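J.: First to last, the protein sequences are chains A and B. The first sequence begins at 1188 in my numbering and counts up by one. The second sequence begins at 21 in my numbering and counts up by one.
Derived by calculation from the structure, the hints in this document are not laboratory data. Accuracy of the hints is not assured; some may be wrong.
Claimed, not checked - Quick list of in silico lysine-lysine cross-link-like pairs, DSS-like style, CA-CA up to 27 angstroms: (1) B/Lys522 to A/Lys1300; (2) A/Lys1300 to B/Lys445; (3) B/Lys496 to A/Lys1306.
To be verified - Non-contacting residues of chain A with respect to chain B, defined by C-beta distances greater than 10 angstroms in every case (computed): (4) Leu1217; (5) Lys1225; (6) Glu1226; (7) Glu1229; (8) Asp1237; (9) Glu1247; (10) Thr1252; (11) Lys1255; (12) Ala1287; (13) Tyr1293; (14) Lys1296; (15) Lys1300; (16) Lys1307; (17) Glu1309.
On a predicted model such as this, the values are computed, not experimentally measured, just so you know. We treat Cβ as the ideally placed atom computed from N, Cα and C, and that holds for glycine.
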Amino acid sequence: MKTQKTILIIEDEKSLRGAIVDILRLKNFLTLEAKNGKEGVEMALSKHPDLILLDLIMPEMDGMTALKKIREDTWGETAPVIILTNLSAINGNVEDDAIAHRPTHYLIKSDWKLHDIVKKIEEIVGR
Amino acid sequence: MNKQVPTISVSDEIILNLKVLAEEKEGVRRKLAVTAAKLAVTAKKLAVIAEKKESIRRKLVATAKEKEVVRLELAVTAAKLAVTARRLAVTAKEKESARRHKLAVTAAKLAMTAEKLAATAKEKENVRRKLAVTAAKLAVTAEKLAVTAEKLAATAEKLAATAKEKESVRRKLAVTAKKLAATAEEKEVVRRKLAVIAWELAVTAKEKESVRRKLAVTAKEKEVVRRKLAVTAAKLKISYETLEKKVLERTKSLEMARAKEEAILLSIGDGLLATDEKGNIIFINKTAERLFDKKSKEVMGKKFSDVIPLEDEKEVFIPLEKHPVNMVLTAGAATASLPTAYYRSKSRNRFPMAIMATPVVLDGKTIGAIKVFRDITSEREVDKAKTEFVSLASHQLRTPLSTVNWYAEMLLAGDVGEMSEQQNKYLNEVYRSNQRMVELVNALLDVASLELGTFAIESEKVDICQLAESIIDEQKPEIGTRKLRFSFSCAKDISFIHTDPKHLRMVIQNILSNAIKYSPDGGKIHLSITLADKQNILIKISDNGYGIPKSQQDKIFTKLFRADNVRDKDTDGTGLGLYIVKSIVDNSGGKIWFTSPPKNAKNGTNFCVTLPINGVPRLMKVK
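Turn these sequences into a full structure, and let the hints steer you where they fit.
T.: This is how it looks when you write it as C-alpha cells:
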C-alpha cells in the first residue's frame, strides 16, 4: 500500500470540519485542520499537504486571501486546492476572483455529497 | 559321232584330221547355238514390238473415235455459231436501221438549225445595215449639234455680257433707291418732331394754367394739414411715454423669468451640459461644474471630450465619436445613452456616471444637444450591498443544511456502523427533507437575485446541444428508475448561441425535471432543440404526464404556485421553478409558453421556449 496522503482542511465551522475529517480518516487519509485562513496558510506552508480543502468565509483571514498567499509560495504555487464553500457565485465576481488564483475545483458544499467530494480528492491525489 | 570311224592304223594324220573336223563341227555347232539364242532373243523382241504396234493401233482406233466425237461437237458448235451469227446479223441490221434513223433525225435537226442560223444571219445583216444607216444619220446629227453648240456658246457669251451690264445698272438703281428712302425717312422724322413740339407747346400752356389754379388750392390745404400734424404730434408724445413705461415693465419681468429659468437649469440635481451643433459647449449647470470639478469659463466653447475626458470600465479613454452626444448630432438618434462611464476629477477619485443625450431641434433642424450626467456611485453601492446580502444569506442558510446533509449521508452509508432498518428509514426522511430545504434555499436565492436585479446576464458563446446533453446525463438515474421513455434531438444547423450558460441550464433543467416529476412511471418525454427562425432557437419539452389543470394554467408562472393535481403526487416542489424560468426567459429577450394537454393528446404538457441566438439586446440587460 502506498503512503497515506495528507489533506489540510481549512474550515471555521466545527461541525462541517468534523464531518470532513471523519470521512477522510475513514477513507484512510491523514488530516490536518485549521479553523481560519491565517492558521491554514501557516500549516500549508510548513506541512506541505497533498491537497487543501479551503472554505471562503472565515474569521481572521478569508479563504480568497489565504489562497492568494499560498499561491505566492514556491511550493504553494502548484499545490492542489479545492475551494469548498456555501458562498454562491452570485454574479460571477466571487468565482472570477477565485479562478484568478487557480483553484483545482470550486465546489458548493450544499450541492455536493461528502462521498463525491472524497472521490474528487482521490482523483487529484492519485489513489 | 558314235559312228565308229575305222581306225586305221594308218595314219594318225587322218585321226588328227578327224579330230580337227570334230572340233570344227563343235565350233559350228556352238556358233549355231549362239545364233539360235540370238534368234530367240530377236523373236522375243519382235513379239514385243508386235504387241506395241497392236497397242498403238488400238490407241489410234480410240483416238479416231474421240476425234469423231469432237467432230460432232464441233458440228453442233458450228450450228450454234451459225444461229448466233444469224441473230447478230439481225441485230446488226436493227442497229443499222436505228443508227440511220437517228442520223436522219439529227440531219433534219441540223438542217432546221442551219435554216434558223441563215434566217438569223439575214436578220443580223438587216440590223447591221439599219445600224449603218442610223450611224450615218447620227454622224450627220452630231455635226449639226456641234454647229448648234458653237452657236449657243456664242449666244451665251453675249447673254453673259448683257447680264453683267444689267446687274451693274440694277446696283446703281438700288443705291439710288436707298438714298431716296433715307431722305424720305429723315423728312418724316423731322415732320414728326415738329408735330410733337407743337403738341408739347400746347400742353405746357394748358398745364401752366392748371398749376396756377392748383397752387391756390394747395396753399389752403397745407394750412389744414399743418394744424392736424400739430394735434397728432401731441398724441404721439403721450403714446410714446406710455410705451416706454410698458417696455420697461416687460423687460423687467422677462429678465426675471430668464433668471428664474437659468436658476432652474443651473440648480438641476443632475449634471446638465448643452452643446451647439458642432459639439462645442455652450452651457454647463452648477451640478455639472461640481461633478467635473470645472468652472464654466474653463469649458465654454470647447469640445466636451477635450475638457472632460471619460473612461470606460477598463480605464480606456472614450473617444468623442463613441459619446452619446455624437450619436444624436451626427447619427440623428432621438436619444442616446451610455450606461456607465468613469471620470477622474481633481478633487475626487474615479467615479461612475450614467449619461443621456438628446438633440435640441428647432424648426426641424438640429441646432445642438443636451447631455445629462448622473452620478451613480450610490446606486452602485446599493447594488453591491444587495449582492453581498444575497451572497452572505446563501452562505449562512446553507451552512447548517450542509452539516445535516453530510452527517446523515455518512450514517446512511454505514460509514460508522450499520443501523436498523427502522433507523435507516427515519434517517432517510431527515436526509430527504434536508435536501428539499437545500433546493428551496437555492431557489429562493435565485428569486432574490432576480428581484434584487443582481441576476446578471453574463453572455457568452454556448453550445446548447452539448449543454442539454449534460443536463440529461444528470437526470439519467431518475429516468432509469422511473422507466421513462426519453428521447432527445438537436437540429444539425444549431451550434452556438449567445447567452448566460448558468441561466440556460436553469431553464432546461427546471422544465425537464418538471416533465420527469409530473409523469407517471413509464411515461414518454421528448426534448428537442431546433431553429424557430433565423434569429431564435426553440427548445421544446413535451411529456404525456399529468398535465396542468385548465383552471390553473394562468397562474403557472406565479411565484410559489403549485397546481392542485400534483401537490399530492409530489411534495418536493417549491413552486419557484417556473417563476425563475419565466424571469430568466423574459430577461433574455425570449418567450415561453405551454399547451396542456398538447394538440391531439389526452394528457401531458408541451413547454416551448425561444431564445435569441445572438443574445440579449444591450438595452434590455439587467443591472
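J.: Starting from the hint list further up, note which numbers the structure goes against and sort them upward.
T.: Those not satisfied are hints 14 and 15.
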